[in-house]
Amino acid sequence: MKVSDIATCIEEIAPLSLQEDYDNAGWQVGDKYSEATGALLCIDVTEEVVDEAISLGVNLIISHHPLLFKGVKSLTGKNYVERTVIKAIQHNISIYASHTNLDNAWSGVNFKMAEKLGLTNLSILMPQGGKLLKLVTYVPVSHADIVRNALFTAGCGNIGDYDLCSYNSNGFGTFRAGLDSHPYCGTIGNLHQEEETRIETVLPEYLKEVATQALLKTHPYEEPVFDFIKIENQWVKVGSGVVGELLCPMDEMDFLQRTKTVFHAGCIKYSNLRNRRIRRVALCGGAGAFLISQAIASDADVFITGEIKYHDYFGYDEHILLAEVGHYETEQYTKDIFCDIITKKFPNFAVHYTKVETNPINYL
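Following the numbering used here, the residues of the sequence shown are numbered contiguously, the last one being 426.
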């Protein structure tokens, strides 16, 4: 098994195309085609984490936060990032990160937070836009079902909670086969008219190549015609934050105390209490204050995130309760996501949780 096989199974859940423009998720260090001896899971990669991987005899570290987030112009060991990279290279250890792509993925970081809090009826707080394509192709009526089903198998046709979605209309196409062609129907040199089905379906942008190969493999024409059209529809299964509901409404302070316990938080900072019971909960792991307005629009009673700036607390007392739990604390269960993905696909592969405390923040 190659270390790239492990990354591939993670990207099946959280494709790199889902990451934000500012991010640098994916391969950080190492030869991704080397044989995998085991994986060490963490939130942050430090020198101590690399030392731990060395002692365990594993050659792959999977982290949530990218070690290489900003540009590196030299490797001289002048800071912990450079020293960590140098040590990993010296010991043939590969480093891979799944960051905002895992934040934005369905069943990703925010869904794990929601699971820990026992929320139900989950949906994305701010769905992504501009990540979907519409595929249009023309197929002989006799092969329409074959091509359509191949596209569905390739991942096309999913809209929200619906799948196998397509629009189909019948008409006819015309063509004249050239001397060097090998036409599926018609004869060389003569104008031919063929009854065809126009198939339209939707797909995530990152599946464009997979869908193309599925179409070419099953389409009977030597030169099939197809178009990919970028659409602005929101992708309701992908995006920032999650909103859900508690099975039973809770007192505000009881809910905050429960949240503190669930996330093992040293403390929770929160806005003024509103003297209302908590039923609907919006959340976002890490630095999610940019979603406060979306949380209010979702009719949430509370918004939980890892970081909120001082001035972001002002002006919302009448609308929502804000709770700041800690960046590391809200993302700590990412290691569980990695473990679940890997062991489901490779049950006999050695997976370890780091024992290094990488949270740089302490509480008195």
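Hints listed in this document are in silico derivations from the structure and should not be mistaken for laboratory results. Keep in mind the model is a prediction, meaning the values are calculated, not measured. All C-beta atoms in this analysis are idealised placements derived from N, C-alpha and C, irrespective of residue type, glycine included. Please note that the accuracy of each hint is not assured.
Restricting the straight-line Cα-Cα distance to at most 25 Å, the calculated cross-link-like pairs of lysine to aspartate or glutamate (DMTMM-like) are [unchecked claim]:
(1) 132 with 97
(2) 149 with 110
(3) 279 with 257
(4) 406 with 110
(5) 371 with 314
(6) 371 with 398
(7) 270 with 67
(8) 196 with 289
(9) 292 with 314
(10) 322 with 289
What follows is a set of in silico ranges between Cβ atoms, one per label pair, in the way DEER data are often shown [as the list claims (entries may be wrong)]:
(11) 141 with 82: 37 to 43 Å
(12) 409 with 207: 32 to 38 Å
(13) 142 with 369: 35 to 41 Å
(14) 152 with 328: 18 to 24 Å
(15) 409 with 323: 29 to 35 Å
(16) 83 with 316: 38 to 44 Å
(17) 232 with 95: 46 to 52 Å
(18) 119 with 244: 26 to 32 Å
(19) 217 with 132: 29 to 35 Å
Okay, the hints, checked on the actual structure:
1. Restraint check for residue 132 and residue 97: the C-alpha separation of about 28 Å exceeds 25 Å, so the hint is violated.
2. In summary, the hint linking residue 149 to residue 110 is supported, as the alpha carbons are separated by about 10 Å, within the 25 Å threshold.
3. The suggested pairing of residue 279 with residue 257 holds, with an alpha-carbon distance near 20 Å, which does not exceed 25 Å.
4. Using a Cα cut-off of 25 Å, the hinted pair residue 406 and residue 110 is violated, with the two alpha carbons roughly 28 Å apart.
5. Straight-line distance between C-alpha atoms of residue 371 and residue 314 comes to about 21 Å, which keeps the hinted pair within the 25 Å bound.
6. Only pairs whose Cα atoms come within 25 Å are accepted, and residue 371 paired with residue 398 is rejected, the gap being roughly 28 Å.
7. At most 25 Å may separate the alpha-carbon atoms for a hinted pair to count; residue 270 and residue 67 meet this at roughly 21 Å.
8. With a CA separation close to 8 Å, the supplied pair residue 196 and residue 289 stays within the 25 Å bound.
9. Under the criterion of a C-alpha separation no larger than 25 Å, the hint pairing residue 292 with residue 314 is inconsistent with the structure, at around 44 Å.
10. Of the pairs offered as hints, the one joining residue 322 and residue 289 is violated, with about 51 Å between alpha carbons and a cut-off of 25 Å exceeded.
11. The given range of 37 to 43 Å is broken by residue 141 and residue 82, whose C-beta atoms sit roughly 24 Å from each other.
12. The hinted range of 32 to 38 Å is satisfied by residue 409 and residue 207, whose Cβ atoms lie roughly 36 Å apart.
13. For residue 142 and residue 369, the hinted distance range of 35 to 41 Å is not satisfied, since their beta carbons lie about 21 Å from each other.
14. In this structure the supplied range 18 to 24 Å is violated for residue 152 paired with residue 328, their Cβ-Cβ distance being about 35 Å.
15. At roughly 32 Å, the beta-carbon separation of residue 409 and residue 323 lies within the given 29 to 35 Å, and the hint holds.
16. Evaluation of the 38 to 44 Å hint for residue 83 and residue 316 yields a pass: the beta carbon distance comes to about 40 Å.
17. Checking the proposed 46 to 52 Å range against residue 232 and residue 95 shows it holds: the Cβ atoms sit about 48 Å from each other.
18. Taken as a hint, the range 26 to 32 Å is violated for the pair residue 119 and residue 244, whose Cβ atoms sit roughly 56 Å apart.
19. Checking the proposed 29 to 35 Å range against residue 217 and residue 132 shows it holds: the Cβ atoms sit about 33 Å from each other.
In the structure shown, a violation is registered for the earlier hints numbered 1, 4, 6, 9, 10, 11, 13, 14, 18, in ascending order.
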